[in-house]
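Build out the structure end to end from the sequences listed, making use of the hints.
Chains as they are written, first to last, in the working numbering: chain H, 26 to 571; chain Z, 1065 to 1414.
Please note that a few of the clues may not be correct.
Some but not every residue of chain H turned toward chain Z, in silico, with C-beta under 10 Å [stated by the list, open to error]:
| id | residue |
| --- | --- |
| 1 | Trp75 |
| 2 | Glu199 |
| 3 | Leu419 |
| 4 | Leu517 |
Since the hints were derived computationally from the structure, they do not count as laboratory data. Cβ coordinates follow ideal geometry from the N, Cα and C atoms, glycine included.
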Amino acid sequence: MAVGLSAARLTRLRAVPWRWVGLALALVAVLAVPIVVIGAGVLRPAGPSWDHVAGTLLPAYVGNTVILVLGVGVLALVLGVGAAWLVTMTRFPGHRFFSWALVLPLAVPAYMAAYTWAGMLDVTGPVQRLVRTVVPGMSDAFLQWNVMRIEAVVVIFAVVLYPYVFLLSRTLLERRSGSVLESARLLGRSGWSVFFRVGVPLVRPAMAGGVALVLMEVLNDYGAVKYYGVPTFTTGIFRAWFTLGDVDTAIRLSGILMLIVLVLLVLERWQRGDARYSDAGASRFTARYPLRGWRAAGAVAFCATPLVLGFALPVAQLLAWSGRSAGTVVDAGFLVLSLNSFGLAAAAGGLAVAVAVVLAYAARIERGRLTAAATKLALLGYSVPGAVIAVGVLVAVLALDRTVLPGAATLLTATVLALLFAYLVRFMAVAFLSVESGFERVGESVRMASRTAGASPLRTLARVELPLLKGALGAAGILVFVDVLKELPLTLILRPFNFDTLATRAFQLATDEQLAASAPSALMVILTATAVLVVLHRVLANGETG
Amino acid sequence: MGSGAKKGAVTRGLAMVAVLAAGGLAACGGDTGADEVNVYSHRHYEADRRLFEQFTEETGIRVNVVTASADELITRLENEGEDSPADVLITVDAGRLHRAKSLGLLQPVSSSVLESNVPSHLRDGDGHWFGLTRRARVYVYASNRADTADLATYEGLAEPVWEDRVLIRSSSNVYNQSLLASLVAHLGPEAAEAWAAGVVRNMAREPAGGDTDQIKAVAAGVGDVAVVNTYYLARLADSEDPEDRRVADAVSIRFPNQDGRGAHVNVSGAGVTRHAPNRTNAVRLLEFLSGDEAQALFAEANHEYPVKPGVEWSETLRAWGEFRADTLDLTVLGELNDEAVRIFDRVGWP
Chain H
26 MAVGLSAARL
36 TRLRAVPWRW
46 VGLALALVAV
56 LAVPIVVIGA
66 GVLRPAGPSW
76 DHVAGTLLPA
86 YVGNTVILVL
96 GVGVLALVLG
106 VGAAWLVTMT
116 RFPGHRFFSW
126 ALVLPLAVPA
136 YMAAYTWAGM
146 LDVTGPVQRL
156 VRTVVPGMSD
166 AFLQWNVMRI
176 EAVVVIFAVV
186 LYPYVFLLSR
196 TLLERRSGSV
206 LESARLLGRS
216 GWSVFFRVGV
226 PLVRPAMAGG
236 VALVLMEVLN
246 DYGAVKYYGV
256 PTFTTGIFRA
266 WFTLGDVDTA
276 IRLSGILMLI
286 VLVLLVLERW
296 QRGDARYSDA
306 GASRFTARYP
316 LRGWRAAGAV
326 AFCATPLVLG
336 FALPVAQLLA
346 WSGRSAGTVV
356 DAGFLVLSLN
366 SFGLAAAAGG
376 LAVAVAVVLA
386 YAARIERGRL
396 TAAATKLALL
406 GYSVPGAVIA
416 VGVLVAVLAL
426 DRTVLPGAAT
436 LLTATVLALL
446 FAYLVRFMAV
456 AFLSVESGFE
466 RVGESVRMAS
476 RTAGASPLRT
486 LARVELPLLK
496 GALGAAGILV
506 FVDVLKELPL
516 TLILRPFNFD
526 TLATRAFQLA
536 TDEQLAASAP
546 SALMVILTAT
556 AVLVVLHRVL
566 ANGETG
Chain Z
1065 MGSGAKKGAV
1075 TRGLAMVAVL
1085 AAGGLAACGG
1095 DTGADEVNVY
1105 SHRHYEADRR
1115 LFEQFTEETG
1125 IRVNVVTASA
1135 DELITRLENE
1145 GEDSPADVLI
1155 TVDAGRLHRA
1165 KSLGLLQPVS
1175 SSVLESNVPS
1185 HLRDGDGHWF
1195 GLTRRARVYV
1205 YASNRADTAD
1215 LATYEGLAEP
1225 VWEDRVLIRS
1235 SSNVYNQSLL
1245 ASLVAHLGPE
1255 AAEAWAAGVV
1265 RNMAREPAGG
1275 DTDQIKAVAA
1285 GVGDVAVVNT
1295 YYLARLADSE
1305 DPEDRRVADA
1315 VSIRFPNQDG
1325 RGAHVNVSGA
1335 GVTRHAPNRT
1345 NAVRLLEFLS
1355 GDEAQALFAE
1365 ANHEYPVKPG
1375 VEWSETLRAW
1385 GEFRADTLDL
1395 TVLGELNDEA
1405 VRIFDRVGWP
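Given below as structure tokens:
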């Protein structure tokens, strides 16, 4: 067949389909408006409180941020890669259960975990109550132990965010496990040695991609660090903008933060190099290492710890609080809150996947640097604190409102369209990285074959590639769904009148220090996200066999 | 099959957008007719929701609300400019109302009802904003470990006797900013900075958590005195959880500076926005919120002190007794907020 290709046909196949690229670039341009609004601020002269912020605050704030980034990064890697290895390569009691359950902490927003930990461990909490009852003379030093410290923040972030690393590593290991590891073992290497010499290099792309997501979440968190009194770089942005009323300084700080993330993204790309991974020939049938005795116990403990800390304990505490408040809090209004949350999350998930497919596909078929570079711009929204993005979106949407519907800020105040746009800007990275990795896995050969057979790029995408990608698309949609369900600052600032979601209700009551009343909404967020993540597991599992 | 299912999901997603958008439009309709009022509020208390419902019942005016932090709402107002649909801005602190005024986001209102309900030191001189509830920032202490003589004044908190014993939350908290601003006003910036540095030296731990957490920490023995707003203690005392009530029983409350200028008091208040499309309704809402009925509910349901003289307090508040309140013009708190924040940063109060 290939022999019969005419030169003209080959040229046409190799030609860049500019219509796709054009569409992708247009989408990037729209998504980038809020980011550019922020980025352009970096070039403006510093605001009046720049010297104050840079001189008195930043040293300590940057110090905290570095501790968080390093601490969370390392801990999330250890937990994520370690657990992924255990559930894919070894056999111990419960390995099947852990292989999907370990994703669940992703359902728990970091700030909710922070509030529940504090509630459990403070003087009215169950732990201290128990200790007081069992050991009445317990030393004061224990009773006065304070969970609200930077070490606890590191652990909290790590146990709710490691699933990003876990999920990507597990997928890679399942796909590439086969022959490589088998031969490594045949060469007589021990389990540990195989893990470090073969396993770790194998999952390097997953480690980089997962940690990039984890760290972006850490950099833009505001709820947990604020409650625990650990000021970070983001605290500095808020202090400059909202407390000191100095927009220019805040924008310059946000710009610096974006730059840091850009460097992270470039590093991630760079460490991947030009290597193209594809699954051709990978076998998924591997004999697992059987673990027995203390090794099995160790594996169970290793997998159970993050699951308990990041999921079971927060949920248990929320259940206890809900028991006290559900009678007064759960009413017809609660149903409306739930529907608002689900509707927004589903709409944002669907849109994000659609846009991500266009961007990733364009980057793939153009194969040049142009689209690849441009799409990076669309990913930056994930790194910037939501409240800052919100203002960028506000400026963009209001400009549109004023030109299209002069005199009425209708889009913003009467519809959720501005909010959906903001979610796209914010979470494009989540959808894109997932879709892109899906495309990479499918490899080039399928598309080339389809194109050679005369199918257009669109037809190839719709009929050949998307069906192969359905696991990745489902994953992307579900991750965005979960993120939107948990999202706070954008929703708070950009929602229309009389429009509350579960997350906004839970957060506002929690910041009002009415934790029991906030619990049912928080629980609903977590349980819904959990259900969806279980579906994700199914989707991925089917994607592999089907 | 996969692509079909996916397309279905996307279509459903888009349909959802349309439905939500239509719902949003139906809810507000961009209608600036005479029967509604749009509120940007930092307050998200159950009491407020009940009050808005009551207002609608009495007047037929529908109340539309967006709640977020005052700082974010002010930013939104600034960006919306004259297109803003908001009629009323409600904050939990006079400093933020002052900022809104100085940014030109509010407009003067003259109403004999508001002027007679709200004492003059609790409202803006030009009628840009009006206090609706008062909250005192007070000492909560362990009576068996702290000597009340050392708790006579805010100034005393910086004394060496309190080393390692003071619990107070972070400086990003607006209540602390206003407290320090009041000290700047009364003592001057140098003395206020020395005070803040002294308090930082005396902290029992790095500031973390909210006011409730500071009260619990006193009960647990982490420190001996906490600086908190009154209603947090009232809430614990009123809680359904016996453990919370035990905490409230274990601590005592003290209003500082009773022999001098009085305890630091801030307000939660509201102003009519510069470009309010429903100005008349907005003024009516403020008048309603300053009236007897609403003031009593603020006091009863949320344990805030009413601004209107003669309105009955909740039982818990009555049990704490009358106190002398600082009558410093609250506008000053707004003017000195920036200075206070900078002092906090300089003395390393996280």
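Tested hints:
1. Trp75: Because about 13 Å separates tryptophan 75 of chain H from the closest Cβ in chain Z, which is outside the 10 Å limit, the hint is violated.
2. Glu199: Not OK, violated: glutamate 199 of chain H not within 10 Å of chain Z, min 19 Å.
3. Leu419: holds (5 Å)
4. Leu517: Check passed: Cβ of leucine 517 of chain H comes within 4 Å of chain Z, closer than 10 Å.
The structure shown violates the earlier hints numbered 1, 2.
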